[in-house]
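Trainee: Chains as they are written, first to last, in this note's numbering: chain A, 47 to 388; chain B, 47 to 388; chain C, 47 to 388; chain D, 47 to 388.
There's no promise every hint is true.
[Unchecked claim] Footprint (simulated), chain C over chain B, 3 or more residues, beta carbon under 8 Å:
(1) 85 to 93
(2) 313 to 325
(3) 339 to 349
In case anyone wonders, no lab produced these hints; they're calculated from the structure.
Using N, Cα and C, we set each Cβ at its ideal position, and we do this for glycine too.
As a plain string of letters, each chain reads:
Number of protein chains: 4
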Amino acid sequence: MTHNIAILGASGYTGAELVRLIATHPSLKITALSGNSKAGMTMSQVYPHLRHLDLPVLTKIEDVAFANIDLVFCALPHATSQAVISTLPPHVKIVDLSADFRLRDTAAYRKWYGQDHSAPDLQKEAVYGLTEFYRDDIRNARLVAGTGCNAAAGQFALRPLIAAGVIDLDRIVIDLKAAVSGAGRALKENLLHAELSENLHGYAVGGTHRHLGEFDQEFSQIAGRDVRVQFTPHLIPANRGILATVYVDGDADIIHQTFVDAYAAEPFVIVLPKGEVPAIKHVRASNFCHIGVVADRIDGRAIVIVTLDNLTKGSSGQALQNANLMLGLEETAGLMMAPVYP
Amino acid sequence: MTHNIAILGASGYTGAELVRLIATHPSLKITALSGNSKAGMTMSQVYPHLRHLDLPVLTKIEDVAFANIDLVFCALPHATSQAVISTLPPHVKIVDLSADFRLRDTAAYRKWYGQDHSAPDLQKEAVYGLTEFYRDDIRNARLVAGTGCNAAAGQFALRPLIAAGVIDLDRIVIDLKAAVSGAGRALKENLLHAELSENLHGYAVGGTHRHLGEFDQEFSQIAGRDVRVQFTPHLIPANRGILATVYVDGDADIIHQTFVDAYAAEPFVIVLPKGEVPAIKHVRASNFCHIGVVADRIDGRAIVIVTLDNLTKGSSGQALQNANLMLGLEETAGLMMAPVYP
Amino acid sequence: MTHNIAILGASGYTGAELVRLIATHPSLKITALSGNSKAGMTMSQVYPHLRHLDLPVLTKIEDVAFANIDLVFCALPHATSQAVISTLPPHVKIVDLSADFRLRDTAAYRKWYGQDHSAPDLQKEAVYGLTEFYRDDIRNARLVAGTGCNAAAGQFALRPLIAAGVIDLDRIVIDLKAAVSGAGRALKENLLHAELSENLHGYAVGGTHRHLGEFDQEFSQIAGRDVRVQFTPHLIPANRGILATVYVDGDADIIHQTFVDAYAAEPFVIVLPKGEVPAIKHVRASNFCHIGVVADRIDGRAIVIVTLDNLTKGSSGQALQNANLMLGLEETAGLMMAPVYP
Amino acid sequence: MTHNIAILGASGYTGAELVRLIATHPSLKITALSGNSKAGMTMSQVYPHLRHLDLPVLTKIEDVAFANIDLVFCALPHATSQAVISTLPPHVKIVDLSADFRLRDTAAYRKWYGQDHSAPDLQKEAVYGLTEFYRDDIRNARLVAGTGCNAAAGQFALRPLIAAGVIDLDRIVIDLKAAVSGAGRALKENLLHAELSENLHGYAVGGTHRHLGEFDQEFSQIAGRDVRVQFTPHLIPANRGILATVYVDGDADIIHQTFVDAYAAEPFVIVLPKGEVPAIKHVRASNFCHIGVVADRIDGRAIVIVTLDNLTKGSSGQALQNANLMLGLEETAGLMMAPVYP
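Based on the sequences and whatever the hints tell you, model everything.
Mentor: Following this line, the structure appears as C-alpha cells:
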C-alpha cells in the first residue's frame, strides 16, 4: 500500500533531503510539493540533482489538494508553519520540521521565539519528535514536531545520563560544531563560500541559541527539576554534520554502560567502544548517530561526543522515521542507506 | 534469491563504495572481504562509517572460500589484479575495477602500463565495462573490466558523436576536472588536505595519462580509423566527482540531438536541455551521469560537458551495474539512490 | 613622501584586498574609504580581519574630501564607476577596478555591457591596466582601467605568442578555473558554501563571458586582424585563484622560449621550466603569476597553463602596481610578499 | 645591518612559513637552509610558491657553515632538535620550534614525551617562547623554545585570568579546534583531503595531548599551586588556524577588563569589545591573536574565545617575534602584514 505525501516548503534543504530519502522509500509517493516563492517551477529547476525523478511541479500551498494526502511534511519557516498547520484538514497527519511545536509551554515559546504562539491548542497536542524517546506517542500522534538538529545531538548525549542520574546536573557544557546546511539556503553573508571556507567561529555564544529552549524543557522534565546547560554552537566549514563535545562530571565507565543499555535496541544510535571517538563524516548523509565516551584525566569527569547529520538524523531523516511510525510502517523503511564516505 | 559476493581489496575507496552500495541491494550478500595489509581487522576499524553493518572480517585473499562465491569484485591495485584473477575458480564471475583488463591489445597495455600483461588470454576474454555500450556482451561475460573513471566521463561525451560522424575527429580536446578520491587512499603528499584544499592544478599534462589508452582503443574502434584526442586532467579540491569539458568541432544542435537519441532509454545517463550545463554536485554519491551541450560563439564549434561521480558511476556503481547484468538481475538494482545535495 | 589614497567601494573584496596591501606599503596612506551602503561603519565592522589597523570610517562618496587625495582606487560596481569618475577633480589620479574603462570602443562596450557608456571621452583616455604590456602609458596616465581577472590570466598566456606569431590564431581554447571571490561578496545562491563546496561547474559557457570583450580587443590589436578565442570559465570550490589551461597549435619549445624572452625582466611573471605546471596555491595572496608550457602528444600542439590570484595580480595587486607607476614609485613597492602556503 | 639566518628543517610547513615571513623582513637574510631528506634540492622544488626568491639550496645540517650564522631557527622533529642544538657553536642564537625545550622539568618531559631528555642543561637554560609573557628573558636568551601552537592559544586565554585570580582554577575547559597544518606535512591517512574535508573529529580526547604539559607547567607556576585543565582538541577541515573556546567560572565583565588591561600595550593581541567573538579567518596568515569574552546565561560563568594562526602566531611568526628581540631589532619587524581574507 502506498501512502500519498505532500512536502510543504520543498525548496529548502530539508525539503530536498526529504525528496532524496523518499525517492527510494518502498511505500511513500510524493503527490504534492509546495514552495511559494518558486511556485510553477519544477523541482529539477530548483534542485537539478533531482532531475532523474518524476516529481510534481511546485505549487502554492493553497493549490495543494489535501483530500488525497495521507501525511504532510511541513518544512516551512518558523511561524509560517503554525499558521499553515492550523488550516490543514483533520485526516492529514503532519510532521513539522520547523521550530513551531517543539516547545510545549506557551511562555517558553514566547521567551525563545519572541512572539505569542498562534495555535496554542496544537502546541499542546504536538508530540516531540525525538523518535527514540517518544516512540509510542509518535505512533499515535497526528502532529509531530521535529526537533532542532543541535537539540537532537545534545539530547542523544544527555538524556540517558540525566535519566539515570549519573552526572552532575549543574556542570554540563555542550560545545557543538555545526555544518552550514543547518542554516538553510538563506542568502546571508556569513554563509558564502568565500566567508566560511577556511573559517570557523562561534555563534549565539553565551546561551542565546533557541535550541536551548528544547534542552531546558526536556532535561528539566527528565530530571524533575530545573536543568540549565551551557551550550556554544560553532559554524564549521563543512556542509553536513554536527559534532557535539559534551563535558560532564561523572564516571566514564558508568556513563558508557548507561549508553550501551539505553541504546541497545536502537537501529540508528550506535555506541562506540569506550575510548573511541566519532567523526562527522562517519554518519554523513545517513540516519545514524554515533556516540563515544572518554574518561578525562581529571577523576570524575568524562567527555561524551555525539555526531549525526543535521539534514538526515537531525531533521529530514528523523522526520521520515517519525512518519514511518505514524503510518504504521517499518520504522527504518527508506532509512538504512550507509553513510557516504569519503 | 541471494547471490554471494566477495570484494577483494576492500580497504580502498572503491571497496568501501561497493560495500555502501551493496548494503541496501535487495539480492546481494557480502560473504567475503579481503584486504591483505589489513587482514584480521574488521571493516569498521578501516571504515568506521560502515560500523552499523554486519560484515565479514577482512582476510587475506588466499583465505577467501571462493567455492560459495557467485561474483567477485576485484578492487586490487593494477598488476596485482591480473595475477589474482588468473587463479580464481571458473564458476566465479568477476568484475575487475583495476586497469588490468581495460585494454584488449597487448602492445597497447605494454605502452601505457610499462610491462607485459601476465594473463593475455584473460585480457582477450574480458569485456570492456562501459555498460551503456557493451550491455549485451556484459550480460554473458565471465570477466568484465571496469573502465577508468576519467575514461568513462570522456566516452559518455564522445562515443555517440564519433559513431554518428558529427564531429571533426582531429580536433577534440577533453579538459577534465577530477576530485581527489580518484587517486585512492594512498599516502601521497599532493593528496594531503593542506596541499589540495584551496588548490587546483593539472597533472599528466600533454597526453601521458593512462586513460588515454582507453580513449585511443575505443574511439579508434568506433571511428574505424585512428583517433587521438587531447586530454588534460586537473586535480580539484573536492572529494568526489568528475567534470569533463569537451571542445569539439561540430554543430551544437546536431550534437545535442545525437545525445538525446543515444541516451533516450538509459536509466542513468541524462541529457540536459540544450544550453544547460551540469555540476559535479548534481550527481554526487549517485550512479547518474549528466550531459550538457552548448554552442560556442564561433560557428561550428560546441562544448559538451559531462559529469559523474568517479566512485559511483565512474567505478563502483558501474561495477555493480555490470554485476547486476551478469547475475541476471535488474540492471538498476541498488543503484537508484538520489544524489546527495548539498 | 607619503601619498594620500582614497578607496571608493571599500566594502567589497577588492577593496579589502587593497587595504591589506596598502597596510604595509612604505609610502601610501589611506585617508578616505567610501562604501555607500555601509557608510558610518568602521572598516573593522565590515572586515574584522582589519581591526588592527587605524583606518578612516566608511563614508558616502560625496563626503570624501578629494582635495587632499592624490590617487583614488575605484572599486565600485560596473556602471556606477563611470558616473563617479566623471565627477572627480582633475588633480586626482584614478585606478579603476571595475569593467567600465577596459574596452576602448563604444560599440564593443555596448555589445558586452548592454548599455551606452556615459563617459565616452574618459573611455578613450583610459589606459588598459595590464602593467607588463602598458607600462609606459600607465606611468603617464591619469585614469587606468584594471583588467578583468580572467582576462589578465588569458593575456599572460597569449599576448607574447600572438605578438611573436608562433600559434594558430584560429585554434585557441582557454579553459579557465576561477575561485569564488572573483564573484565578490554578493548574496547569490550559487556562491553559498553549501552550494559551492564539493562542487564545480562551468558558467557563461559558449562565449558569453564579458571578459571576452577584452580578449577580442587586445588580441585583435596585437595580431592586426580579428582574433576570436574560445573561453569557458568554471567556478571552483576555492576562495582565491585562477588557473587557465590554454590549448594552442604551435611548437612547445618555441612557445616556451617566447615566454622566457618576453618575461625575462618582469618581477611578477615567472616562467616555469618547460614541462612543469603551476598550481593556484603557489601564487595565493601574492602578486605573482606562474606560467607553464607542456608539449601535447599530438605534434604541433601545446598546452599553456597560467595561474594568478584573482584578488591580487588579477585585481587589487595589479591596481597597486599601476598606482606605484602613476605616482612615480618603485613598481614593486608593497607587492613583494610571498604567497601564503599551505 | 643584516643578520644571517639559518633554518634547520626548512622542508616542513613551519620552515616554509619562516621563509615566507623573512622574505620581506628588512634586516634578516637566509644564508642556509637544511632539510636532510631533501638535501640537494632547491627550496622551489620543495615549495614552488617560493620560486620567486633567491634562496640557498637545501643541505644536510652538517654542511651548514655556522660560523657566519647569527641565529638559527630550528624546525626539526621533536627529539632530533635537542641532539642538533647541543652541537651548535656558542655564538649562535637559537629559536627552537620543536617541543624539546618547552618543559623545564625533566620528569615532566619524560612523562609527556616518553623518553629522557638528552640535553637537560639546555633544557634548564631555555626560555619559554610566549613573547608577551617572557619578553625580557627572551631578549637576553641564547635559546628560546617556541610554544606549542595549541598551548599558545590556551595561554592567551588563561594566563591573565589565573594571574589576576578571577576564575575558578578547578573548572577550566579548553575546547579547541585546530586546522590541519598543525600536524605538518606528514603522510598520515587522517590528513588526506578525502578524509578530512567535510569532516571534523576530536583527537587526544581525555587529556592526553602533549601540549597539556605546557598548560600544567605554566598555569601551575602562575597560580602557585597545581592547576589541571581539561583540554580537547579537534581537527577541523581547514588548513590554518586555531580557535579555542574556553569555559571558565568567573565574571565576564571582570574577565574582559582583565584582558583589556593585560594586553593594552601588545601589538599583536587584540581584545574584542565584550560580547563579540573572533573567527579563525580574521587572523589567517598573520601574527595577530584575537580574544573575545561573552557572559554565559548562567551567572558566574563566562566563555573566552581565542583565535590565532597556528603557523604564524602559533609557531613561525612567534619564532620571528622572538628572534627580533634576541637580535635587538624592533619586535614587530616583518610581522605587521594584515590577515589574508577571504
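Trainee: In ascending order, which of the hints set out earlier in this document are inconsistent with the structure?
Mentor: 1
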